[in-house]
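Asks: Here is how the chains run, residue by residue.
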Amino acid sequence: MKVIPVKAQAGLVGFESPAAEYIEMELSLDELLIDKPSATWIGVAQGNSMELDGIFDGDILVISRAQQVKHMSIIVAVLNGVFCCKKIDIERRALISSQVGAKPYFIKEGDDFSLEGVVTRSVRIHTPLNKKIGA
Amino acid sequence: MYFLCDASGFYSSAEKVMRPDLRNKPVVTLSNNDGCIVAVCPIAKKLGIKKFVPYFQVKDLIKKHGVVVTSSNYELYHSLSTKMMDTISQFADDIYVYSIDELFARFDTRLSHDSWLDLGRDIRRTVWKEVRLPVGAGGGITPTLAKAASHAAKRIPGYNGVAVIDSEQERISILKQMDVTDVWGIGNRLGRKLNLLGIHTAHQLSVQSPARMRKQFSILVENTVRELNGEIRIKWDDVRPDKQQIYSTRTFGARVTDKRELHKALVGHCESAMRKLRRQKSLTKAMTVFASNSPHDDTAYYRKSIYHPFPVPTMDTRIVTNALPAIIDKIFKPGVCFYRCGVGIVEIIPAANYQADLFSLNNDNPKLMNVLDAVNDRYGKSTLQVASKGFDKKHEMKRQFLTKRATTRWSDVPQIKC
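Here the protein sequences line up with chains A and B, keeping their order.
Taking my numbering as reference, the numbering of the first sequence is continuous, increasing by one, and the terminal residue is 672.
Taking my numbering as reference, the numbering of the second sequence is continuous, increasing by one, and the terminal residue is 519.
In case anyone wonders, no lab produced these hints; they're calculated from the structure.
Misleading hints may appear alongside valid ones.
[Claimed, not checked] Computed Cβ-Cβ distance ranges for the label pairs, DEER-style:
hint, chain 1, residue 1, chain 2, residue 2, range
1, A, K573, B, I407, 28 to 36 Å
2, B, I450, A, P665, 31 to 39 Å
3, A, M609, B, G331, 28 to 36 Å
4, B, Y175, A, E628, 42 to 50 Å
5, B, A488, A, F593, 47 to 55 Å
6, B, D493, A, P665, 30 to 38 Å
7, A, G638, B, N125, 50 to 58 Å
[Claimed, not checked] In silico contact screen, one side only, chain B against chain A (beta carbon under 7 Å); selected entries:
hint, residue
8, D122
9, K468
10, V472
11, A475
12, K482
13, K505
14, S512
15, C519
All residues carry an ideal CB built from backbone N, CA and C; glycine is no exception.
Between the sequences and the hints, there should be enough to build the whole structure, so can you do that?
Replies: As structure tokens, this is what we get:
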């Protein structure tokens, strides 16, 4: 069968974009910042104890449960029922704030502690958003 | 080899993922409109709290033990369910999602018994680490045996969440410890009939003659017997056939005594049942519409149900909702405080096989319905709707104990202390 490629047209037409054959997907921050969606969750930072590591109050944190935790990784943990973001000192089993003069928190027997992932990315909001983030 | 993986107390366990303060507490989850307990987390299970009990009956017990009660947070559950399925699918050659909290995973490799057990433990560990949901894993050489193994993994002491049936010895040992009604596909009614024949355990069922089971019951029971003996009879497509009936029904948040309010609610039920009908590419030949007051009320029990056949099989929401006013005239009775209403799409036929009658007038508008569904799938339910459903939110589900939709709404994202 011979096919004559004539496009169906109706009414006024403009010119086809010269870029038509070069169209790509628009950039997506999800695709860039999230390595493994099924193991990733999002939270919002509250407080200023991690400022020297570049995490400020109100920053959006991208947290991966699949990322390997290393000595001094910035992690999110549950400490006695509360999510908190600290650096983890694996050797001394301690949580480290990045404030000057802050003492490490040594995880005690009887503490309810669990690792909830590594902070892989953080996003700063420089101009206020038109929606509220965080409960 | 097949594995059945399912989450324990999924709804209640899902509540704990984004709520660390609930991790060590007993949690139960209520059904639509906060009616019954539908999920019990492992901690609450140990306190003896049972599923499928009306909430008001166990209120005192719940208070006594400090159990946390949540409404069904479907937004959260769907999001976490997807993560759980994605995580498990990375292990398998193929997966089949069977329900919101369970899936079958197929493996085409051959491994030793111990390696299969290791794989099951690895799945469990990974889902806990990456999604924070507790899952069990049961392996078997047929889907029915995988389901049996998953039963053993949870219920038979010593298995600790993982069991694999890949040898005669293990198969017989597990089937002997299971009631016949614990077998996948054997419900209570069928179970009672089998009991009368002296078949009480899964093992007793497995040694029946398949031909006899087919004669006395159905090909489905024959297939179950063969699957229990290691012969694969269930294909993915068979696992969830198209529905023969689709019901949409719910209790009202507050009693309804107004005809127009009843009408609005029924239009909503028509919309949601017809959406499901179109998703499975079917047509309906008839519907039943029903409404009742509560049997727990002091007044006399009132329930009325009307069967309405359509002249031509249809998939068009408008045609179905246009039939409602005449039906409601027959159902509505002044003075009755309606507590529940619903719509059942019955007599469903596949759209593909439908032979149209030359003279019958089909007023369906499939294009319009496609647009309706596409818009609502993309922008959310009821973005486009039948106007007679009304625009007040009165009939939205009662979810008094609804938790944050922490994985799907920016406003609900959890705070992390720094």
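Asks: Indicate, hint by hint, whether the structure satisfies it.
Replies: Hints and how they fare:
1. A/K573 <-> B/I407: 28 to 36 Å: The hint (28 to 36 Å, Cβ to Cβ) is violated, given that A/K573 and B/I407 are roughly 52 Å apart.
2. B/I450 <-> A/P665: 31 to 39 Å: This hint is violated: roughly 56 Å between Cβ atoms.
3. A/M609 <-> B/G331: 28 to 36 Å: 52 Å, violated
4. B/Y175 <-> A/E628: 42 to 50 Å: Hint holds: Cβ distance 44 Å, inside 42 to 50 Å.
5. B/A488 <-> A/F593: 47 to 55 Å: 48 Å, holds
6. B/D493 <-> A/P665: 30 to 38 Å: Since the Cβ atoms of B/D493 and A/P665 sit about 33 Å apart, the hinted range of 30 to 38 Å holds.
7. A/G638 <-> B/N125: 50 to 58 Å: 33 Å, violated
8. D122: 4 Å, holds
9. K468: 18 Å, violated
10. V472: 20 Å, violated
11. A475: Nearest chain A Cβ about 21 Å off; hint violated.
12. K482: 21 Å, violated
13. K505: Since the shortest Cβ distance to chain A is 5 Å, the answer is holds.
14. S512: 5 Å, holds
15. C519: 4 Å, holds
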